[in-house]
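Residues in the sequence shown are numbered from 1311 upward in steps of one, following this note's numbering.
Keep in mind the hints are simulated off the structure, nothing from the lab. We put the CB at the ideal spot given by N, CA and C, even for glycine. Take every hint as true, because none was put in to throw you off.
Ranges between beta-carbon positions, derived for each pair:
no., residue 1, residue 2, range
1, ASP1414, ASN1514, 32 to 42 Å
2, GLU1421, GLY1376, 41 to 51 Å
3, PRO1417, ASN1514, 34 to 44 Å
4, GLU1386, GLU1421, 12 to 22 Å
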Amino acid sequence: MRAVLPAGAPPGGGAWIATPARDCDPGRDLYSLSARMARHVFLTGPPGVGKTTLIQKASEVLKSSGVPVDGFYTEEVRQGGRRIGFDVVTLSGTRGPLSRVGLDPPPGKRECRVGQYVVDVTSFEQFALPVLKTAGSSGSPGQRVCVIDEIGKMELFSQPFIQAVRQTLSTPGTIILGTIPVPKGKPLALVEEIRNRSDVKVFNVTKENRNHLLPDIVTSVQSSRR
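Use the sequences and the hints to build the structure in full.
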């Protein structure tokens, strides 16, 4: 299991050189050195633990401090007190269906199902891909934050989405603030790829710590922009 380290300095190909000090703790310095290499920030945790809420709050704090933030989050849809699916909601306020219970796939398309939910891949791509295309463009000026909530089973039915996420991860000047599911069942290739990247910091969200993580998440993203 990869150590979860605090985020820090911007990415770069140069070597880090540490100057020893008399009161230096080698273990602590190595920890801090690895921390400064992280650029992207991801939250993980079980369903319903509060990852999306933290993403929304962090986005608002960052925007209020002048940080350019774009992206999307997923939100459950309820009817008569029963959850019937999920919507994809962009930070600009547009929304569309991600999945629904009992949804029929488009004619000629295979059914993409996660449990009782059928994924509307076309709708998801319509709302999510333009946001990622903008964030993943090397021509976008400055250090911008791209929110991706989440990179999970439903979203990974879209091959263009997978390609767009990889492009965004590799784009200089773009920091991803995203969510990934906890490992369960068959590993999801892109999720494991993200977990194992040296430039990614992962926060594990629990019921015990979710009310205290927001400042650390915001600080990690802001540190990545320096």
